[in-house]
Amino acid sequence: MSTALYQHFPILAVMVLFLGAFLIVIFGNVKTLRHLIALLSVTVSLGLLIALVKPVMLEGEIIAYWMGARATAGGYAIGIAMEVDALSLFFGLLVATAVFVSCVYSIQYMSHDDNVGQYYTLFLMLAGGVMGLVLSGDLFNMFIMVEILTFAAVALTAFRNTAKGALEAAFKYLVVGCIGSTCILTGTVMLYAQAHTLNFAQLSALLPGNMNTATVVAFALLYIGFSTKAFIVPFHPLAADAHGAAPASISVLISGVLTKSGLYAIIRLSYFLFQTMELGTMQFLLVFMGSMSMFICVTMALAQHDFKRLLAFHSISQIGYVLTAVGLCTAMGVSSGLYHAMNHTLFKGLLFLAAGAVLHQTGTTDLDKLGGLSKKMPWTTAFFLVGAFSISGIPPFNGFASKWMVYQSIYLKAVESGNIGFLFATIIALVTSVLTLASFVKVSQSVFFGRLPKEYENVTEVPWGMRLAMCLFAVLCVVTGLFPDLVTRYLTQPAADAVFNASGYINAMMGSGYAESVMSVPAMAPAVTYVEVGVWQPVSWLLILVITLLAITIVAIGGQYDRVSESVSAPMDSKYDLFFGGEESVYSQVGGEDLFWGFKHNWRGYFSFMHKLHSGIVNDYSLWAVVALALVTLYMLIVF
Amino acid sequence: MSIVISALQYLGYILIFPGFLFCFLVGLLLSGIDRKLVAKMQKRVGPPVLQPFYDFFKLCGKETIVPAAASKTVFLMAPLVGLAALVVLQLFIPIFQFTAFSGMADIIVILYLLLIPALAQILGGAASGSPYAGVGLSREMVTIISCELPLVLVLLAVAKTVGSATGEGLSFSFASIAAYQAANGSLILRLSMIPAAIAMLMVIPGETGNHPFDAAEAETEICEGMLAEYSGAPLGIFKLSHAIKMLTLTSLFVALFLGGIGSGIAQLVALMGLTGPAANGLTVLLGAIVTVLLCIVLTVVSISFVHAVTARLKIEQIFKFYWTVVSGLALISLVLAWYGL
Numbered sequence: 349m350s351t352a353l354y355q356h357f358p359i360l361a362v363m364v365l366f367l368g369a370f371l372i373v374i375f376g377n378v379k380t381l382r383h384l385i386a387l388l389s390v391t392v393s394l395g396l397l398i399a400l401v402k403p404v405m406l407e408g409e410i411i412a413y414w415m416g417a418r419a420t421a422g423g424y425a426i427g428i429a430m431e432v433d434a435l436s437l438f439f440g441l442l443v444a445t446a447v448f449v450s451c452v453y454s455i456q457y458m459s460h461d462d463n464v465g466q467y468y469t470l471f472l473m474l475a476g477g478v479m480g481l482v483l484s485g486d487l488f489n490m491f492i493m494v495e496i497l498t499f500a501a502v503a504l505t506a507f508r509n510t511a512k513g514a515l516e517a518a519f520k521y522l523v524v525g526c527i528g529s530t531c532i533l534t535g536t537v538m539l540y541a542q543a544h545t546l547n548f549a550q551l552s553a554l555l556p557g558n559m560n561t562a563t564v565v566a567f568a569l570l571y572i573g574f575s576t577k578a579f580i581v582p583f584h585p586l587a588a589d590a591h592g593a594a595p596a597s598i599s600v601l602i603s604g605v606l607t608k609s610g611l612y613a614i615i616r617l618s619y620f621l622f623q624t625m626e627l628g629t630m631q632f633l634l635v636f637m638g639s640m641s642m643f644i645c646v647t648m649a650l651a652q653h654d655f656k657r658l659l660a661f662h663s664i665s666q667i668g669y670v671l672t673a674v675g676l677c678t679a680m681g682v683s684s685g686l687y688h689a690m691n692h693t694l695f696k697g698l699l700f701l702a703a704g705a706v707l708h709q710t711g712t713t714d715l716d717k718l719g720g721l722s723k724k725m726p727w728t729t730a731f732f733l734v735g736a737f738s739i740s741g742i743p744p745f746n747g748f749a750s751k752w753m754v755y756q757s758i759y760l761k762a763v764e765s766g767n768i769g770f771l772f773a774t775i776i777a778l779v780t781s782v783l784t785l786a787s788f789v790k791v792s793q794s795v796f797f798g799r800l801p802k803e804y805e806n807v808t809e810v811p812w813g814m815r816l817a818m819c820l821f822a823v824l825c826v827v828t829g830l831f832p833d834l835v836t837r838y839l840t841q842p843a844a845d846a847v848f849n850a851s852g853y854i855n856a857m858m859g860s861g862y863a864e865s866v867m868s869v870p871a872m873a874p875a876v877t878y879v880e881v882g883v884w885q886p887v888s889w890l891l892i893l894v895i896t897l898l899a900i901t902i903v904a905i906g907g908q909y910d911r912v913s914e915s916v917s918a919p920m921d922s923k924y925d926l927f928f929g930g931e932e933s934v935y936s937q938v939g940g941e942d943l944f945w946g947f948k949h950n951w952r953g954y955f956s957f958m959h960k961l962h963s964g965i966v967n968d969y970s971l972w973a974v975v976a977l978a979l980v981t982l983y984m985l986i987v988f
Numbered sequence: 260m261s262i263v264i265s266a267l268q269y270l271g272y273i274l275i276f277p278g279f280l281f282c283f284l285v286g287l288l289l290s291g292i293d294r295k296l297v298a299k300m301q302k303r304v305g306p307p308v309l310q311p312f313y314d315f316f317k318l319c320g321k322e323t324i325v326p327a328a329a330s331k332t333v334f335l336m337a338p339l340v341g342l343a344a345l346v347v348l349q350l351f352i353p354i355f356q357f358t359a360f361s362g363m364a365d366i367i368v369i370l371y372l373l374l375i376p377a378l379a380q381i382l383g384g385a386a387s388g389s390p391y392a393g394v395g396l397s398r399e400m401v402t403i404i405s406c407e408l409p410l411v412l413v414l415l416a417v418a419k420t421v422g423s424a425t426g427e428g429l430s431f432s433f434a435s436i437a438a439y440q441a442a443n444g445s446l447i448l449r450l451s452m453i454p455a456a457i458a459m460l461m462v463i464p465g466e467t468g469n470h471p472f473d474a475a476e477a478e479t480e481i482c483e484g485m486l487a488e489y490s491g492a493p494l495g496i497f498k499l500s501h502a503i504k505m506l507t508l509t510s511l512f513v514a515l516f517l518g519g520i521g522s523g524i525a526q527l528v529a530l531m532g533l534t535g536p537a538a539n540g541l542t543v544l545l546g547a548i549v550t551v552l553l554c555i556v557l558t559v560v561s562i563s564f565v566h567a568v569t570a571r572l573k574i575e576q577i578f579k580f581y582w583t584v585v586s587g588l589a590l591i592s593l594v595l596a597w598y599g600l
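Listed in order, the protein sequences are those of chains B and S.
Counting from 349, one number per residue, gives the positions in the first sequence under the working numbering.
Counting from 260, one number per residue, gives the positions in the second sequence under the working numbering.
No wet-lab data here; the hints were simulated from the structure.
Among the clues, some could well be false.
What the hints assert, rightly or not - Pairs of lysine-lysine, BS3-like flavour, derived with a Cα cap of 30 angstroms:
| # | chain 1 | residue 1 | chain 2 | residue 2 |
| --- | --- | --- | --- | --- |
| 1 | S | Lys331 | B | Lys802 |
| 2 | B | Lys960 | S | Lys295 |
| 3 | S | Lys299 | B | Lys960 |
| 4 | S | Lys302 | B | Lys948 |
| 5 | B | Lys723 | B | Lys402 |
| 6 | S | Lys321 | S | Lys498 |
| 7 | S | Lys498 | B | Lys717 |
| 8 | B | Lys723 | S | Lys331 |
| 9 | B | Lys802 | B | Lys960 |
| 10 | S | Lys321 | S | Lys331 |
| 11 | S | Lys299 | S | Lys317 |
| 12 | B | Lys802 | B | Lys717 |
| 13 | S | Lys317 | S | Lys331 |
| 14 | B | Lys960 | B | Lys717 |
| 15 | S | Lys317 | S | Lys302 |
| 16 | S | Lys317 | S | Lys579 |
| 17 | S | Lys579 | B | Lys948 |
| 18 | S | Lys317 | B | Lys717 |
| 19 | B | Lys802 | B | Lys402 |
| 20 | B | Lys512 | B | Lys802 |
| 21 | B | Lys723 | S | Lys321 |
| 22 | S | Lys321 | S | Lys573 |
| 23 | S | Lys331 | S | Lys295 |
| 24 | B | Lys724 | S | Lys295 |
| 25 | S | Lys498 | S | Lys317 |
| 26 | B | Lys717 | B | Lys512 |
| 27 | S | Lys331 | S | Lys579 |
| 28 | B | Lys948 | B | Lys960 |
| 29 | B | Lys512 | B | Lys402 |
| 30 | S | Lys498 | S | Lys302 |
| 31 | S | Lys498 | B | Lys723 |
| 32 | S | Lys498 | S | Lys299 |
| 33 | S | Lys321 | S | Lys579 |
Unchecked claim - Here are some of the chain S residues that sit facing chain B, going by a computed Cβ distance under 8 angstroms:
| # | residue |
| --- | --- |
| 34 | Ile369 |
| 35 | Gly426 |
| 36 | Ile447 |
In this text, a Cβ means the ideal position worked out from N, Cα and C, and glycines have one as well.
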């Protein structure tokens, strides 16, 4: 087998990040050198993955790479392997993009902090960990990467350890993260005891036909372990604390990258290792967890009054969409889920960066204290609005394109399977979307619009480097929203095809014919068809909108729309003052927490229940983890 | 040459019919009829039917004051974006079998496009910096949440009914909804769709922000909420958008539930012995006239009549009403449709 140069790219993409981390430990005291190394390693990593798009995505090649050229021995795959199919590469690209933008942002964002060298070391360790996880070809390496990324993430959560709650958040994350990691390790060990191999490809061939109690328990352990990494319900409170405390550039990674690693692992486990997604019961588990995450987290977000905690809950809510769509086990479902995963990385990253910009300039993210920043930070406001429209699914931004596909696939699944549960999932998904919009209206009113408090009158716009990072995400949000056809054709559909091509994955690693000999499955990848039930043409739509807007603007200006009068001189004419019913103008604004009183009043029972439940005590959250593990194990033991 | 002609044709769609000019005239007309009728029902004389036109042009001539606390760009651009989105919406909603731009949007897209005008008003109000606008936008958002659930249920019920009849399983596209109704008669004639149609009628005043669901504007209480700081042409455009929204929602109702009338019109034109472009033109013209008449009837039923006999609800009552009574009706339809009735 001739080895093309690009076959070395996956390992290099991981190595270059770790190498950067080690170099920064040595040279980190020099500021320019530090930035140079960090930027260089993330850029090279991104570049290497982009170079893989052609062979893997477009030509459908699956790269199986053995470190040190070791392969199988005695019929067992022993050695360190990496395997990159379109699914791995898809997640790898997300990781590399988010890491790159976050690194650009960090340069100016972290300029006021101490020990920035250590920050970059941990940053690159985290990035390398996730990258290693998604490109890895065996379960034990996955576990190692999970450990690396968890500890880097914990340390980074507490990086600003003088800030209130940072250490507490890191501690919670550490405890529950360790429960997750322990689950993963135990599951790995049990699988090894059963199958005598840890290689994904070989496990995928051996396990599906030979499920017994031990492997089912191992599956449950792995599933819960990776759920803690994806922060899906019931592990969502950790995400809120971690995001609230971590620097914004790290929130981008935790939300855009770390949760994706958990999702990736869940997809890999359920579609490849155990190949259980054909079962209605397994679809039910994923869709149920996804819908729960969607709904609980969006309502939790409505009750928040801290910008970053609110974003954290939304992050999990959107992950719920991805999980639900992926759990449908239809081509359209998986493709739309992956599309939404990509959009999640982009708009969530953008929103966290905007929150970071607000924190950087004002020193707070409390929605009840902020207001009126749009006059002082117009760029940040514009970028924030792009992110907010994207996440709430306002056409033509990217969130709409993917959510639209998600709705279609859930409802089609519901109709085809006749299962009324999927119908409820559709309704939850549609309602969650409008609740998302509501909480972003709350943020825009409480932070960017409304009245400017006195103490923020001297706030300025963020430096250009941070604006550049936000601009990158904003442009990507618009582009991926306007060209859904291109995105699905070149990114998500190859990845979705790969999801349904387990035998191809096995054969690429173990030699062709292996899957057939072990599992007696057809050698050909199953025909994957994408069924669409609606129509949506964003580019032509946008064209119509622009023409209409132009026409209306012309008409409006013809009708003297521009006869605007503004206050110019310092002693203000009371004409330009706000109307207060005749009273003297004072600072009065509805607090962010009370903004949707009319909604929350009707749900007060639910909200007070949720409030009690989210006690903030790590013991409770650990208990949730254990209970979730017990329930999932029980469920799986019953259904298999 | 043909490119130029089709470009002109599409420009005509956007600017004249069923785009901007059509929306402008019919929307304000609906608003005028509504005001006159409510006055009559309350034994008042009421304004002339053309009063909204006078109001609009008068407002356009007035000075536009931008408050010192406002963010100017968003404050001034929001009304235009909202209006443009409404006009675009109207282009996507079919007039029986005719759609100006077919194959570009389905009913889920419409669901989301309907958010844009409301969102424009919310952002415009927020950008004005007024505390009244703060209260108003909060209520507006809750009203949107209230209407969203029943609207979603109605649309899902329609999609399922049409889909199972055409054999596709479900269909979100307007073309197949219109085609289904042309072949099988209006959806409202199906027993299972009647609760959904009633729910949709109740959603109309909520979406347009009319009495008794106008807590977000509540002139007597929070000075029109989000519009408190608006003056001049931007205010006029918001008033216009409000009027057009009545047209949009009532014509959406016609497209979803009364589409069967279209086949009658087509047969009528065929009876007159016309063929070719003349027949098409006449069908569209008659369709538009029938639609406008139906929109007037629907406005009277769902907006004016309700307006005249009810008092304003509190915001939490609005929410409760929509998520229990209206959603319940829509859910009945959805469940019936689910079991193929």
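Hints and how they fare:
no., hint, verdict
1, Lys331/S / Lys802/B, "19 angstroms, holds"
2, Lys960/B / Lys295/S, "53 angstroms, violated"
3, Lys299/S / Lys960/B, "54 angstroms, violated"
4, Lys302/S / Lys948/B, "39 angstroms, violated"
5, Lys723/B / Lys402/B, "45 angstroms, violated"
6, Lys321/S / Lys498/S, "14 angstroms, holds"
7, Lys498/S / Lys717/B, "33 angstroms, violated"
8, Lys723/B / Lys331/S, "8 angstroms, holds"
9, Lys802/B / Lys960/B, "35 angstroms, violated"
10, Lys321/S / Lys331/S, "18 angstroms, holds"
11, Lys299/S / Lys317/S, "25 angstroms, holds"
12, Lys802/B / Lys717/B, "11 angstroms, holds"
13, Lys317/S / Lys331/S, "23 angstroms, holds"
14, Lys960/B / Lys717/B, "25 angstroms, holds"
15, Lys317/S / Lys302/S, "27 angstroms, holds"
16, Lys317/S / Lys579/S, "39 angstroms, violated"
17, Lys579/S / Lys948/B, "11 angstroms, holds"
18, Lys317/S / Lys717/B, "40 angstroms, violated"
19, Lys802/B / Lys402/B, "55 angstroms, violated"
20, Lys512/B / Lys802/B, "24 angstroms, holds"
21, Lys723/B / Lys321/S, "26 angstroms, holds"
22, Lys321/S / Lys573/S, "33 angstroms, violated"
23, Lys331/S / Lys295/S, "36 angstroms, violated"
24, Lys724/B / Lys295/S, "46 angstroms, violated"
25, Lys498/S / Lys317/S, "12 angstroms, holds"
26, Lys717/B / Lys512/B, "17 angstroms, holds"
27, Lys331/S / Lys579/S, "36 angstroms, violated"
28, Lys948/B / Lys960/B, "16 angstroms, holds"
29, Lys512/B / Lys402/B, "47 angstroms, violated"
30, Lys498/S / Lys302/S, "25 angstroms, holds"
31, Lys498/S / Lys723/B, "27 angstroms, holds"
32, Lys498/S / Lys299/S, "22 angstroms, holds"
33, Lys321/S / Lys579/S, "40 angstroms, violated"
34, Ile369, "10 angstroms, violated"
35, Gly426, "12 angstroms, violated"
36, Ile447, "22 angstroms, violated"
Of the numbered hints given earlier, the model fails hints 2, 3, 4, 5, 7, 9, 16, 18, 19, 22, 23, 24, 27, 29, 33, 34, 35 and 36; all others are met.
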